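Sequence order for the protein chains is A and B.
The first sequence begins at 1 in our numbering and counts up one residue at a time.
The second sequence begins at 180 in our numbering and counts up one residue at a time.
There is no bait here: all hints are sound.
To spell it out: a stretch of chain A is covered by chain B in this simulated footprint if at least three of its residues, at any positions, have a beta carbon under 8 Å from a beta carbon of chain B; those stretches are:
| id | region |
| --- | --- |
| 1 | 17-23 |
| 2 | 27-33 |
| 3 | 38-49 |
| 4 | 143-153 |
Here are the simulated distance ranges between beta carbons:
| id | chain 1 | residue 1 | chain 2 | residue 2 | range |
| --- | --- | --- | --- | --- | --- |
| 5 | B | Arg461 | A | Thr130 | 25 to 31 Å |
| 6 | A | Gly155 | B | Pro260 | 27 to 33 Å |
| 7 | A | Arg55 | B | Ala540 | 52 to 58 Å |
| 8 | A | Ser125 | B | Val223 | 30 to 36 Å |
| 9 | B | Val223 | A | Arg55 | 41 to 47 Å |
| 10 | A | Thr121 | B | Lys225 | 39 to 45 Å |
Computed from the model, here is a short list of chain B residues facing chain A with C-beta under 7 Å:
| id | residue |
| --- | --- |
| 11 | Ser326 |
| 12 | Asp392 |
| 13 | Gly590 |
| 14 | Arg591 |
Simulated from the structure, these hints should not be mistaken for lab results.
Computed from a predicted model, the values in this text were never measured in an experiment.
C-beta: ideal position from N, C-alpha, C; glycine also.
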Amino acid sequence: MAAALSAIAPGRVWKFGDDINTDLMLPGPLLQAPPSEQVRAVFAANRPGWVDLVRQGDIIVGGRNFGTGSSRPAARSLRNLGLGALLADSINGLFFRNAVNFGFLALTCPGIDRAFEEGDTAEISLADWTARNRETGATLPIRPVPATLLTLMTGGGIYPVLEADRLIAPDIAQAEGAR
Amino acid sequence: MGHAWCERKCIDCISRFAAAANGRMLSGMGMTIAEKILARASGVAKIAPGDLAVVKVDLSVMIDLSFSRSSWREVLKVHDPDKVAVVFDHEVPAATRESAAMHARGREFVRRFGIRRFHDVGPDQGISHVVVAENAYALPGTVMACSDSHTCSAGALNCVARGLGAPDLLYAITTGKTWFLVGETVRYDLTGRLAPGVSTKDLFLHIAQEYGDHANQNIEFGGPALAHLSIDARRTLTTMGAELSAEFATFEPDEVLIDYIKTRNPAPFEPQYPDADAAYARRETIALDRLEPLVALPDKVVRNAVPVGEVAGEPIQQAFIGSCANGTIEDIAEAARVLAGRKVSPGVRLIVTPGSQRIFAAAVRAGYVQTLLDAGAVVTPATCGACFGGHMGVLGPGETCITASTRNFKGRMGDITARIYMASPATVAASAAAGHIAHPGRV
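Chain A extracted, bound-state conformation (with noise of 0.2 Å):
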């Protein structure tokens, strides 16, 4: 597993600054609404249009507190966009148990929203824990996240596992956060 985990593309970076909130992401309007819409509402408030300038596998470099905020599950809009990762400062510890869960890689980075610039190419490495800026050669440890979690973020997250022990149906109407 960990051999295949290396081997994250690398992605072009959008920066977000301090304290991103989950509202931004995911406005409470659209709670209820298929993950469909909520996606394209992913920082509207603060970013009008950039849902149409991302593509596949870019990253976001955070600051200090990313995701802060509610229970709601904004870590899925992000992987649903197509993002590759989430690099950040800090991490509210409630955004990232629905990375974990949603199945989107976020690590914690410290330092690396002073070593990125909008739109330079992060590399990210799961086999020695470092995220390397491209451009600069600038390299900064990544947090290791515990196996058993790590296995979930990069693995689809936790819906496939309860299928899989019977423990909740399977997703008939809507393969789960379709886009």
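Model the placement of chain B on the given structure of chain A, informed by the hints.
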């Protein structure tokens, strides 16, 4: 700054090296309240920062949004229905057809699995964190989970309680377990007494301003001031722990708490105190008498508060008092005290939402509701309602609101161009009467 990660950079080593890296010796070092509760719940002798604790969950609370179309998955098995409570709170009574359907799914779940602790629309209706406290569903020394971020509220009851995501909660109710990445603990020792017109909401804003976020850390409250702080006042503080991004916000147990629990729930419990040699990331003393009313400016909570005087005079169109943090009987009493014999300013809507129907009834009996109605306030049924921009007080474009609730994020209470200031119930009530942001002592 003491961020803990594995020095060996191996995947499995979630580790106790972290603590060593912070210059601490682990052997013989005692545990904080959160560490002790987690150790008991995971059946190990010792828990330390950096551990991945897998714990038995004593209480899982599902809310109406747990059954929303975008989150719900059909559950085939519940580990223990007696460890589950279902509390409809975000949109009660149903605000839309969508929320009515969500409630119907929840009722079907309750029926199918025989959940006994069920709070539907009606006399037992309330915001889940308020209902959990007023019934002492969460007992001191235990672990509680719920898929709402303000679950840390139950930390006032000496619980390790935190908000989980919807899938997390499905895991907890179907397996009886969850996991926590254990962080370091920051200890706040509270001394003295709050001045009249100053509340634990102001204390919270002071902490958010002075110390910033507490991401990946636990908060522990103790100190001699506890003797003067009711459980309601403590719960305002622990509820707002979510806004500090804390993992857990937990109070030391005392006589006030033990009496509170015993009058509400006959079940036995074992409160947890910190060890005398517990290791803290920081330890701060806060003198409550020195605090003054504060206001958080719009869009973010941490490091964004100013004394009321700095924004006094800012015109408002709406004032809101409610939520899991500020819908207590004490909050409503305080609003009534400030507004007694006064009128809400023309052009301002004052919306007051009690945290539970039980609180609503108590506020009616005490005369607070009449005082608020006479002043021109609208008093709504208990619901999360306006706090999350759900219903009964949603903001329109360009409006300014001052709120005694949980969050002031952009777009939180409605339109993204609305501005949300956040303060205590006294400051909000004083502002409603003045027509602009006003000091509670100087209307």
